[in-house]
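Peer 1: Those sequence lines, one after another, are chains A and B.
Under the UniProt record's numbering, the first residue of the first sequence is numbered 1, with each subsequent residue one higher.
Under the UniProt record's numbering, the first residue of the second sequence is numbered 1, with each subsequent residue one higher.
One thing to keep in mind: the hints can contain errors.
Identical chains share a label here; the pair holds if one copy fits it or two copies do between them.
Unchecked claim - Calculated pairs, DMTMM-like style, for lysine to aspartate or glutamate (alpha carbon to alpha carbon, straight line, at most 25 Å): (1) Lys133 x Asp152; (2) Lys35 x Glu101; (3) Lys133 x Glu176; (4) Lys133 x Asp160; (5) Lys98 x Glu65; (6) Lys44 x Asp167; (7) Lys35 x Glu115; (8) Lys133 x Asp167; (9) Lys133 x Glu68; (10) Lys133 x Glu55; (11) Lys133 x Glu101; (12) Lys35 x Glu7; (13) Lys44 x Glu7; (14) Lys133 x Glu104; (15) Lys35 x Asp160.
Honestly, the hints are just simulated from the structure, not real lab data.
From a predicted model like this one, the values you see are computed outputs, not experimental measurements.
There are 2 protein chains.
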Amino acid sequence: MRLFAREGYAAVSMRQIAGEVGVQAGALYNYTPDKQTLLFDLMKAHMDDLLTAWEAEAAPEHPLEALERFARFHIRFNTERADAVFVSYMELRNLSPKNFEVIEGLRRRYEDQLEHILRRGVALGLFDVAEPKITTMAVIAMLTGVNTWFRDGGRLSLPDVETIYWDMVRRAVTPEPAANRG
Amino acid sequence: MRLFAREGYAAVSMRQIAGEVGVQAGALYNYTPDKQTLLFDLMKAHMDDLLTAWEAEAAPEHPLEALERFARFHIRFNTERADAVFVSYMELRNLSPKNFEVIEGLRRRYEDQLEHILRRGVALGLFDVAEPKITTMAVIAMLTGVNTWFRDGGRLSLPDVETIYWDMVRRAVTPEPAANRG
Chain A
1 MRLFAREGYA AVSMRQIAGE VGVQAGALYN YTPDKQTLLF DLMKAHMDDL LTAWEAEAAP
61 EHPLEALERF ARFHIRFNTE RADAVFVSYM ELRNLSPKNF EVIEGLRRRY EDQLEHILRR
121 GVALGLFDVA EPKITTMAVI AMLTGVNTWF RDGGRLSLPD VETIYWDMVR RAVTPEPAAN
181 RG
Chain B
1 MRLFAREGYA AVSMRQIAGE VGVQAGALYN YTPDKQTLLF DLMKAHMDDL LTAWEAEAAP
61 EHPLEALERF ARFHIRFNTE RADAVFVSYM ELRNLSPKNF EVIEGLRRRY EDQLEHILRR
121 GVALGLFDVA EPKITTMAVI AMLTGVNTWF RDGGRLSLPD VETIYWDMVR RAVTPEPAAN
181 RG
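So here's chain A without its partners, still in its complex pose:
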């Protein structure tokens, strides 16, 4: 994953990968039949981990609490796996059509978790969201963006950053006073 992130899938050879993990080039084929399968397995493992970890969060029933849980979880999970997140976005174009479909399906399953929270909040009158699917994409893009600038040991801790983003997400989806509108 580190090699793919640093050099790009197309530029990395199986020989290089073997060298990085410390096996003979030939022995690598005991673990994976080819580079495409290796890329797919890495991306699928990342998405499986993401879905399993989110399930383990056992999000609260209340949509506002569930949304906070999701926002904090997404930031934490992704900042811990910067290489995997970068590769998962960047190398979609290098997946075979069949592999792409599987990864896209898993990604949609994850997005559906957030969309479901938003729709429940709307149904309960807690959220004011006209297009839950679009808000889902917007919130995920915003939260994943933490990876482009956050570095451990800076002025703000990760929990501080989570709180700032959660505050923005909450305000973006909850009803506002009439005075602010239009």
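Take the given structure of chain A and dock chain B to it, following the hints.
Peer 2: Chain B only, in chain A's frame:
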């Protein structure tokens, strides 16, 4: 730019680029000394275009109006240049340190435009933003994310999408009723 976006900088040869633009491999060197310079020139031209186009918007004085102008502009500019946006993000790692510094400087100049709008809005009591730099990064990530899903000819037009995102941005930065807090 299209070749770099589709195959990745490292995987594309000068010969391929020459073929794509319809010149002899040798003739390409009349236009650029090497692939690194070509990547840098493409990324720099993209950032220069972005800064020039934003300047031409002549954003209104009022921070709320300026922020709306920025949100709509950013979405419009980036969706029209999906390849350039993708390459600009993905190939940062392939820039030489000196070239990276130039591109990062231009990117910061663009981010500063938004941060300046946010700080003016805070100073006038129009915005409630504790960390303008972080909100800048969050808003830009959210808006750029439109590129990952928007396709022309879908149910929503680009102006519709702009309005939905602007609404989220506005709510995320404007003061909220006391009842929503905590």
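Peer 1: Which hints from the list above does the structure break, by number from lowest to highest?
Peer 2: Hints 5, 6, 7, 15 contradicted; others consistent.
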